[in-house]
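Student: For chain A, the structure is supplied; the task is to place chain Y on it using the hints.
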Amino acid sequence: MGNIGLETLAATRVATIREGINAALADALADDARVLVFGEDVADPEEGGVLGVTAGLSSRFGDERVRSTPISEQAIMGAAIGVSLRAYKPVAEIMLMNFTTVAMDMIVNHAAKLRFMSGGQTNVPIVIRTMTGSGYSNGGQHSDYLEAWFAHTAGMKVVCPASPADAYGLMRSAIDDPDPVMYVENLPTYMLKGAAWEPGKRIPIGKGQILREGTDVTIVTYARMVQESMKAAEALSKDGISVELIDLRSIQPWDRELVLASVARTRAALVVHEAALPFGPAGEISSVIHEELFNSLKGPVRRIGSAFCAVPFSKPLETAFAPQAAGIAQTVRTMPLR
Amino acid sequence: MLAKGLPLRDLWAELGGRVTGTCKGKGGPMHLTYPSKGIMVTTGVVGSSMPIANGLAWASALEKDGLVTVASFGDGASNIGAFHEALNLASVWKLPVIFLCQNNQYAEHTTYEKATSAKQIVDRAIGYSMPGIRVDGNDVFAMYAAAQEAVARARAGGGPTLIEAMTFRFNGHILGDMDGYMDKARKAEAMANDPVSRFRRQLIDSGVATEADLAAIEAKIESDLDDAVEFAIDSSFPDLAEMKRDVYAEEIA
Numbered sequence: 001m002g003n004i005g006l007e008t009l010a011a012t013r014v015a016t017i018r019e020g021i022n023a024a025l026a027d028a029l030a031d032d033a034r035v036l037v038f039g040e041d042v043a044d045p046e047e048g049g050v051l052g053v054t055a056g057l058s059s060r061f062g063d064e065r066v067r068s069t070p071i072s073e074q075a076i077m078g079a080a081i082g083v084s085l086r087a088y089k090p091v092a093e094i095m096l097m098n099f100t101t102v103a104m105d106m107i108v109n110h111a112a113k114l115r116f117m118s119g120g121q122t123n124v125p126i127v128i129r130t131m132t133g134s135g136y137s138n139g140g141q142h143s144d145y146l147e148a149w150f151a152h153t154a155g156m157k158v159v160c161p162a163s164p165a166d167a168y169g170l171m172r173s174a175i176d177d178p179d180p181v182m183y184v185e186n187l188p189t190y191m192l193k194g195a196a197w198e199p200g201k202r203i204p205i206g207k208g209q210i211l212r213e214g215t216d217v218t219i220v221t222y223a224r225m226v227q228e229s230m231k232a233a234e235a236l237s238k239d240g241i242s243v244e245l246i247d248l249r250s251i252q253p254w255d256r257e258l259v260l261a262s263v264a265r266t267r268a269a270l271v272v273h274e275a276a277l278p279f280g281p282a283g284e285i286s287s288v289i290h291e292e293l294f295n296s297l298k299g300p301v302r303r304i305g306s307a308f309c310a311v312p313f314s315k316p317l318e319t320a321f322a323p324q325a326a327g328i329a330q331t332v333r334t335m336p337l338r
Numbered sequence: 339m340l341a342k343g344l345p346l347r348d349l350w351a352e353l354g355g356r357v358t359g360t361c362k363g364k365g366g367p368m369h370l371t372y373p374s375k376g377i378m379v380t381t382g383v384v385g386s387s388m389p390i391a392n393g394l395a396w397a398s399a400l401e402k403d404g405l406v407t408v409a410s411f412g413d414g415a416s417n418i419g420a421f422h423e424a425l426n427l428a429s430v431w432k433l434p435v436i437f438l439c440q441n442n443q444y445a446e447h448t449t450y451e452k453a454t455s456a457k458q459i460v461d462r463a464i465g466y467s468m469p470g471i472r473v474d475g476n477d478v479f480a481m482y483a484a485a486q487e488a489v490a491r492a493r494a495g496g497g498p499t500l501i502e503a504m505t506f507r508f509n510g511h512i513l514g515d516m517d518g519y520m521d522k523a524r525k526a527e528a529m530a531n532d533p534v535s536r537f538r539r540q541l542i543d544s545g546v547a548t549e550a551d552l553a554a555i556e557a558k559i560e561s562d563l564d565d566a567v568e569f570a571i572d573s574s575f576p577d578l579a580e581m582k583r584d585v586y587a588e589e590i591a
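Protein chains in written order, with this note's numbering: chain A, 1 to 338; chain Y, 339 to 591.
With the rest of the complex left out, here is chain Y:
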């Protein structure tokens, strides 16, 4: 969301349910929306992003505007009917859409092996006559290459791509979730390979940035975050009249 351009202050205000949030505090973390930067829908229902992404992509196909829609979801979402309906339609209609599965190996509290019949998510692309790419989702460069290939295909009228980005979840599914269902050794290993520290090392090793450059960037991020949190805390909650607004175009009585 932040990479797409959602302003940090608006994000934090929305997380805090404040009227200055992107959705006036009426959506919250599960419904972040920021159309001016292409963040069209965030859904709290597992698997529901995909059918809607098709519609956004259909608009791009009609307009021939070169825009590509990305539906982001997890490995668990590939077991819900909407995934299959959406991939089939996207393939039949050759829509400019990318189905981006972040396979973090846990569907809520349940392991991949226990809940998913496919050996790998990307195999499901075959059933929908769609190219599939499996990639190390924790490798920035590999992700960029995979996305570039899928975006180019979509723009050229070649239709959808399913990307399976392998990753791991460092936090629980819900707040206060102690990860009791996770294999401790597996989690420790994944955390040792944290993609952020990995990328940081890569930047220094390849001479793109110095330790001092990165420290400065990190300090700026810290201060921006402090500012955004403070902005959110200082902002007002929405007026109760907001319950009558945005239900329909016209305010309800």
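Next comes chain A alone, as it looks inside the complex:
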């Protein structure tokens, strides 16, 4: 074996998604005095967030820039919008994605629309950090994937990182972005380990990534379903089915070019997400694939999403609620792939 270069060492440094988010916020706060972080319990006297994602930031950057708020989602989003109109770059936390419902007027009617309605005189460069995801028995009001609502709203961008380096790089891009970005964190994978980020390196919003190359079928997914789809792809490879796996990373805008190029090669596609299936992002993605590639497809694009019910509390129900590797693999086996 030859020497391991420094670059290889850096690439093999391992970290968690939670650390990636924290490091991105810290680096952004250090790089730009106009970056602010605020939300319920985010400062260190309140333990740096209920799950410690923002731990250490208020001690390092001061409680004027990293600030805990009352439990007031409309007030949080309003403050973010207002301060951003004065060229600050606020990262406002709405603790759980379900709580965005309390602030929908601020997000949908104001953050997303002020640029357009003002004829481009103002813009709202905010990041909305929010976590969600089933798996911890948090029940029906703490676990929903609601990204389709925001992806359906002109003026909003939506990202769903699934690895530590993407968590870091997408946060840096979201903070740089001149428009409002909903940054969706998956609670059950906060401690997921992976290759660490390169400090300062941005992951562009709107660009997906091929995580595994394959020839028989393309699985398009994001967030925690990347893990389940990867397991499914490994199981399928043992059956001689070659899966190309795409992590979209961004939902609005999504990487049409990457998905269409992949499906043009594999001529089969399955879209998987944790959001409920009806009217979910998979409907949009599969429609575009059909519109662009209908004649070359081996069969219809398939979709898998969560059950169409509130996220159940009871463990066996919650486990069955969201897509799993076995179900994803089973669906692929029923698809015409030759």
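Honestly, the hints are just simulated from the structure, not real lab data. Fair warning: this is a prediction, and the values are worked out from it, not measured in the lab. Any given hint might turn out to be false.
Pairwise CB distance ranges, derived in the manner of DEER restraints [stated by the list, open to error]: (1) Y:E589 to A:A30: 24 to 34 Å; (2) Y:L578 to A:H152: 20 to 30 Å; (3) A:P178 to Y:L578: 15 to 25 Å; (4) Y:M368 to A:R333: 51 to 61 Å; (5) Y:G376 to A:A30: 25 to 35 Å; (6) A:A154 to Y:L405: 23 to 33 Å; (7) Y:M368 to A:K231: 43 to 53 Å; (8) A:I210 to Y:E446: 48 to 58 Å; (9) A:A154 to Y:P373: 19 to 29 Å; (10) A:N109 to Y:D461: 24 to 34 Å; (11) A:D32 to Y:R507: 44 to 54 Å; (12) Y:V430 to A:F308: 32 to 42 Å; (13) A:L51 to Y:V478: 51 to 61 Å; (14) A:G283 to Y:D532: 51 to 61 Å.
Here a beta-carbon is modelled for each residue, glycine too, at the ideal position from N, C-alpha and C.
Tutor: Chain Y in isolation, oriented as in the chain A frame:
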């Protein structure tokens, strides 16, 4: 808006949906915006100005620039959750913001008494440990004094103020609204006390201006208005491509 410095031509062009309007005609009367004169947001959603005003005021607190943010709203807006969230945060953070409630005694078509539990809006300030001022909103001098007190407090780091300015609505809530829900005698009495004619009398009585001075000013306003309306009518509508612009920083495909 005009008092803040929004140009009359830009205003009328925006009201007419013309590309020469302040928002290129894409906002309309409910979304007038003119940042160069401090008109940062106009919202069409009752109560939504207040949480955003806090953010603008927070920027002033961070910059220590002495600017004060004013959120203007009606009595009906004090019944929506955003009002309460915003007043609480403004008070906790001691923000340089003024919550200016124009109590015109009707929330859309519903009377104050039927919709509002507080005897007066200003009482709601107490719950947020915030000074409240109730004032005759139709009295220019009283309004000036109230605003001066609130602005001074905000600039000195004393935090927000809730002002309840008592007034009346001379027009319906929506175009063509015949005011059937308004008490006729009450409206007649309010119109007899029209603040514009009242102020006009005050100016003459106190010797600040003569009838001829005011007539000249009014004639100038009339001609400026005619010019602005004509400018709006003569202006073009925005190009359809505007639907792809200002959605995001980059034009959409």
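Student: Each hint: holds or not?
Tutor: Okay, the hints, checked on the actual structure:
no.	hint	in the structure
1	Y:E589 to A:A30: 24 to 34 Å	holds (33 Å)
2	Y:L578 to A:H152: 20 to 30 Å	holds (22 Å)
3	A:P178 to Y:L578: 15 to 25 Å	holds (24 Å)
4	Y:M368 to A:R333: 51 to 61 Å	holds (55 Å)
5	Y:G376 to A:A30: 25 to 35 Å	holds (32 Å)
6	A:A154 to Y:L405: 23 to 33 Å	holds (31 Å)
7	Y:M368 to A:K231: 43 to 53 Å	holds (51 Å)
8	A:I210 to Y:E446: 48 to 58 Å	holds (55 Å)
9	A:A154 to Y:P373: 19 to 29 Å	holds (22 Å)
10	A:N109 to Y:D461: 24 to 34 Å	holds (29 Å)
11	A:D32 to Y:R507: 44 to 54 Å	holds (46 Å)
12	Y:V430 to A:F308: 32 to 42 Å	holds (41 Å)
13	A:L51 to Y:V478: 51 to 61 Å	holds (54 Å)
14	A:G283 to Y:D532: 51 to 61 Å	holds (57 Å)
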